[in-house]
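Hey, can you work out the whole structure from these sequences and the hints?
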Amino acid sequence: MKNNFLEIENVTFAASSKNKVNNVSFNIENEGDIVCLLGPSGIGKTTILRTIAGLEKIHSGKIILKNKTISSKENHVEPEDRNISLAFQDNSLFPHYNVLENINFGVERNRKKKKGLNLKDIVKFLHLENILDKFPHEISSGEAQRASLARSLMSNPDLLLLDEPLSNIDQSFKEEIQVKLKQILKDLKITTIIVTHDSYEAFYLGSKCGIILDGELKQFDDPYNVYHFPNSVDVVNFLNRGILIPAKVTDENTLENDDLGTIKGNFTKHYPKGSKVQLLLQPEDLEHDDKSNLKLEVVDRKFRGTNFIYTLKTNSNLLIPVFVHSHHEHQHEADEKFGIKRPINIDHIVCF
Amino acid sequence: MEIKEVNTKHFWHKVNYPTLYHQCFVKMGNKLNIWFLSSLLISIIVAIPIVTVFSSFFEPTGEYLSIIKNTFLFEYIFNSVTLLIGVLSATFIIGVGCAYLVSFYKFPGSSFFKGALILSFAVPAYIYAYSLTAFFENYGTAFSIMKSLFGEGDYNNYIPKFDGMFGAIISISFSLFGYVYVLTRASFHYQSQNLLELGKNLGFSNKKTFLNIILPASRPAIVAGLSLVAMETLSDFGAVSFFGISTLTTGIYDAWIAFDDLALANRISFFLLIFILGLFVLENFSRKKAQYHSHTRGNFKSKSLKKLTGWKSFFATLFCLIIFFLSFLFPVTQMLYWTLIFPKHFIDLNIIDLLSNTIILVFLSSFLLISLSFISNYGTRINKNKLLDILTTFSITGYAIPGIILAVAFISFVSWFDKNIIYFFDIKPIFIGSIAGLVIVYFVRFYSLANNGLKSGYLKINYSIDESAYLLGYSKLKTFINIHIPYLKNSVLLIGILLSIEIIKELPITLIMRPFNFETFATQAYIFASQDLLEAAAAPSLILILIASVFILITSRYILKDK
Numbered sequence: 001m002k003n004n005f006l007e008i009e010n011v012t013f014a015a016s017s018k019n020k021v022n023n024v025s026f027n028i029e030n031e032g033d034i035v036c037l038l039g040p041s042g043i044g045k046t047t048i049l050r051t052i053a054g055l056e057k058i059h060s061g062k063i064i065l066k067n068k069t070i071s072s073k074e075n076h077v078e079p080e081d082r083n084i085s086l087a088f089q090d091n092s093l094f095p096h097y098n099v100l101e102n103i104n105f106g107v108e109r110n111r112k113k114k115k116g117l118n119l120k121d122i123v124k125f126l127h128l129e130n131i132l133d134k135f136p137h138e139i140s141s142g143e144a145q146r147a148s149l150a151r152s153l154m155s156n157p158d159l160l161l162l163d164e165p166l167s168n169i170d171q172s173f174k175e176e177i178q179v180k181l182k183q184i185l186k187d188l189k190i191t192t193i194i195v196t197h198d199s200y201e202a203f204y205l206g207s208k209c210g211i212i213l214d215g216e217l218k219q220f221d222d223p224y225n226v227y228h229f230p231n232s233v234d235v236v237n238f239l240n241r242g243i244l245i246p247a248k249v250t251d252e253n254t255l256e257n258d259d260l261g262t263i264k265g266n267f268t269k270h271y272p273k274g275s276k277v278q279l280l281l282q283p284e285d286l287e288h289d290d291k292s293n294l295k296l297e298v299v300d301r302k303f304r305g306t307n308f309i310y311t312l313k314t315n316s317n318l319l320i321p322v323f324v325h326s327h328h329e330h331q332h333e334a335d336e337k338f339g340i341k342r343p344i345n346i347d348h349i350v351c352f
Numbered sequence: 001m002e003i004k005e006v007n008t009k010h011f012w013h014k015v016n017y018p019t020l021y022h023q024c025f026v027k028m029g030n031k032l033n034i035w036f037l038s039s040l041l042i043s044i045i046v047a048i049p050i051v052t053v054f055s056s057f058f059e060p061t062g063e064y065l066s067i068i069k070n071t072f073l074f075e076y077i078f079n080s081v082t083l084l085i086g087v088l089s090a091t092f093i094i095g096v097g098c099a100y101l102v103s104f105y106k107f108p109g110s111s112f113f114k115g116a117l118i119l120s121f122a123v124p125a126y127i128y129a130y131s132l133t134a135f136f137e138n139y140g141t142a143f144s145i146m147k148s149l150f151g152e153g154d155y156n157n158y159i160p161k162f163d164g165m166f167g168a169i170i171s172i173s174f175s176l177f178g179y180v181y182v183l184t185r186a187s188f189h190y191q192s193q194n195l196l197e198l199g200k201n202l203g204f205s206n207k208k209t210f211l212n213i214i215l216p217a218s219r220p221a222i223v224a225g226l227s228l229v230a231m232e233t234l235s236d237f238g239a240v241s242f243f244g245i246s247t248l249t250t251g252i253y254d255a256w257i258a259f260d261d262l263a264l265a266n267r268i269s270f271f272l273l274i275f276i277l278g279l280f281v282l283e284n285f286s287r288k289k290a291q292y293h294s295h296t297r298g299n300f301k302s303k304s305l306k307k308l309t310g311w312k313s314f315f316a317t318l319f320c321l322i323i324f325f326l327s328f329l330f331p332v333t334q335m336l337y338w339t340l341i342f343p344k345h346f347i348d349l350n351i352i353d354l355l356s357n358t359i360i361l362v363f364l365s366s367f368l369l370i371s372l373s374f375i376s377n378y379g380t381r382i383n384k385n386k387l388l389d390i391l392t393t394f395s396i397t398g399y400a401i402p403g404i405i406l407a408v409a410f411i412s413f414v415s416w417f418d419k420n421i422i423y424f425f426d427i428k429p430i431f432i433g434s435i436a437g438l439v440i441v442y443f444v445r446f447y448s449l450a451n452n453g454l455k456s457g458y459l460k461i462n463y464s465i466d467e468s469a470y471l472l473g474y475s476k477l478k479t480f481i482n483i484h485i486p487y488l489k490n491s492v493l494l495i496g497i498l499l500s501i502e503i504i505k506e507l508p509i510t511l512i513m514r515p516f517n518f519e520t521f522a523t524q525a526y527i528f529a530s531q532d533l534l535e536a537a538a539a540p541s542l543i544l545i546l547i548a549s550v551f552i553l554i555t556s557r558y559i560l561k562d563k
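So the protein sequences, as listed, match chains A and B. For the first sequence, my numbering assigns the number 1 to the initial residue and increments by one for each residue that follows. For the second sequence, my numbering assigns the number 1 to the initial residue and increments by one for each residue that follows.
By construction, these hints were calculated from the structure, which means they are not laboratory data. Careful, some of the hints might be misleading.
Stated by the list, open to error - Label-pair ranges, simulated between beta-carbon atoms: (1) D90/A x F425/B: 50 to 58 angstroms; (2) I481/B x S326/A: 55 to 63 angstroms; (3) L459/B x E31/A: 35 to 43 angstroms; (4) S60/A x F425/B: 25 to 33 angstroms; (5) K120/A x K460/B: 31 to 39 angstroms; (6) L41/B x D90/A: 33 to 41 angstroms; (7) L41/B x K18/A: 35 to 43 angstroms; (8) N75/A x F425/B: 21 to 29 angstroms; (9) I481/B x D90/A: 47 to 55 angstroms; (10) H228/A x K460/B: 45 to 53 angstroms; (11) N75/A x K460/B: 29 to 37 angstroms; (12) D90/A x D426/B: 26 to 34 angstroms; (13) D426/B x K68/A: 52 to 60 angstroms; (14) D90/A x P486/B: 18 to 26 angstroms.
Source: prediction; values computed, not measured. All residues carry an ideal CB built from backbone N, CA and C; glycine is no exception.
See below:
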């Protein structure tokens, strides 16, 4: 049987009695995999990272890294002996050393392992060339975050933990850094857990995503499944990428909604005929068609660059989001009628 | 019968102890490491004198207690209270007055006076007392000046005499008003612009804004300054003994030296300690409140000073000049004058010995204080234990306790330890009348200065800095050496200088605890003065003031906290 690189077994992560994530279990199978943990603020994501890093002790369960138990009720390997690096969300650079000296703290650890990390490349990739001789109080929070990331990367840990690593970084750098970060982590095979509240970042970077809500890990799956096959209403509400509408199962691949009529598709779960369900309707599930006789009233229109998201009101006052490509020949204003293509076909039908 | 095995390791955790007990002892069980033990030991050592004084309250004393009760005790208390009221009133007027002028107005010399006024810290009250007496006594310096200006005459009848209680109040006030000045000025400096703008928005005049908004807002700082003055006044030994005022402090000294009754000395110490602990609580309370008013980077605006013109400008300059002259130039000039006209005393003075003795004490004490404060602070930081917090708070009260009490309590403790614990070996010579004993009592007295200085430095190091180091593979010791020590080197330098100033000026502890024939500038000046050889006391006093002044100038940037 193949051993996992990291195993989290029934661990309760707790920094305080209020801030607790119970009975968490997940694995990282291979070295170099990237896992992202998503959840609202204050839910305990950072506590999970701190615990894996060894900064907090655990009272139940087990954490195993490379077949060695590093945290359990009886056994606690000290943070300095784990070879796990954590880049904090806030500025945790050593204030009395300049940026280069700070990064060198990471280099020193890496030197012992003689792995091929190049300081110049990391500095270039994170755009740090101009601030190497500056002290932490002389740079912006985004620059400090990049410097901290560089220090963590240069230490070449067995497991890298990143707490909201790009939250303070300018939008202009963000996408570029996301791409290069992913590439570097893959090239160097650095196994990474990233905590973020940005679902797009998580979906891009992570090969697996975990959703933490209400003190538990609600779903741990690959990004596509998390988005398209959320396993609970809580996950749907957290991702906020669709709405639940009432429907009745009329056939093995058909539902009926009072406002939208017949909806066809493949059910992800079996429901008996006649069941009343909540159908997940995501913005890309409905298509715009000016000629359609199914007309809904436009309530709002959001411009998102590549597309518009229209919010449409049904006869029973449900508000439904619909994507339209931004190059579509015309736009609809509020109170206008908006046609929906019929018959409605949804690739996968998720109901609760 | 079934015998159940008790799992002692988990037993503790299953019992629902009160939270404090749990945090003190259960956590302690989990974290018994060298840092924790060291911190605990340091705190206990510093707490010993306080415990000794309290415990010896119930010990029998000689018949002198009844003598003292019937004769001097009331006088001791009356004099201490009179002295306290006099000094507090004077330091309030001088300290707040100077702080107000240099904080709000621009006038000729205002920038100079802002820094110059803190030089009063360099003049201990007992040296001020020598200068005052030397100047105003019969046929003293004032007499000589009059004579040289106006020829022979009976000027002694016209020259006021500053001796007794009045002299003590003047000497101590000019020596200590700096505490009120520095803290009040800092409070004015940091608060005023926002509050002035607030006052303007409410339609207040500048005067009304100052009286109704700024002054009440600075109350915690003023109270903190006055509390320090009160503690130092009650601790003063040199000035009051020189003027022959019997206070609780001199009473302790007399009980021990004249009556040879250590228990009685402890009994009087107890009364004084209760008095001082009351002040300490008050000071701590006001300091906590003061934190609410400290500025942050975001909202602090340095204010533009109002330029004074005409007679207002003249009087502002005159007021500050008089205070600067009286608090610093006057004692320095008097001591310099005597040193110059009696060069024999200067030549006879064994400067090399005095300097080397002072350096030895400064170096040993500062090294011990800073090293152990480092260990204690780091131990408390990594252990997060309530017991340590309580002990640390308790142990830093040493600064509030008069040196004389600490010295007597230490001797009591060593005698008790020698008699009851290590009775087979005489440890008294090692700790009484020795440099080791002297340094230990200095340690207790100045521990709060070193400890609080480092603590405020440590507060600036976010805990995530330590965690980052651990995660980069640094052990606790390596983090301490590679991260903390380099970061705190400026704080250490500042603390070292402040400790040096205090130790150079310190008199009662040195006087009681020093080895035979081991003198510092302070004790040498005191010995000459107590033998009525004021002209001989001038040279060591002058050297002491000059060394302390240099140190104060080096640290003035930090003391004034403007930058």
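Here's how the hints hold up against the structure:
1. D90/A x F425/B: 50 to 58 angstroms: holds (56 angstroms)
2. I481/B x S326/A: 55 to 63 angstroms: The hint (55 to 63 angstroms, Cβ to Cβ) holds, given that I481/B and S326/A are roughly 59 angstroms apart.
3. L459/B x E31/A: 35 to 43 angstroms: Taking Cβ atoms as reference, L459/B and E31/A lie about 41 angstroms apart, which means the hint holds.
4. S60/A x F425/B: 25 to 33 angstroms: violated (54 angstroms)
5. K120/A x K460/B: 31 to 39 angstroms: holds (33 angstroms)
6. L41/B x D90/A: 33 to 41 angstroms: holds (35 angstroms)
7. L41/B x K18/A: 35 to 43 angstroms: holds (36 angstroms)
8. N75/A x F425/B: 21 to 29 angstroms: Once the Cβ atoms are compared, 46 angstroms apart, the range 21 to 29 angstroms for F425/B and N75/A is violated.
9. I481/B x D90/A: 47 to 55 angstroms: Once the Cβ atoms are compared, 24 angstroms apart, the range 47 to 55 angstroms for D90/A and I481/B is violated.
10. H228/A x K460/B: 45 to 53 angstroms: holds (49 angstroms)
11. N75/A x K460/B: 29 to 37 angstroms: holds (35 angstroms)
12. D90/A x D426/B: 26 to 34 angstroms: violated (58 angstroms)
13. D426/B x K68/A: 52 to 60 angstroms: Holds, since D426/B and K68/A (Cβ atoms, about 57 angstroms apart) stay within the stated range.
14. D90/A x P486/B: 18 to 26 angstroms: Given about 21 angstroms between the Cβ atoms, the range holds.
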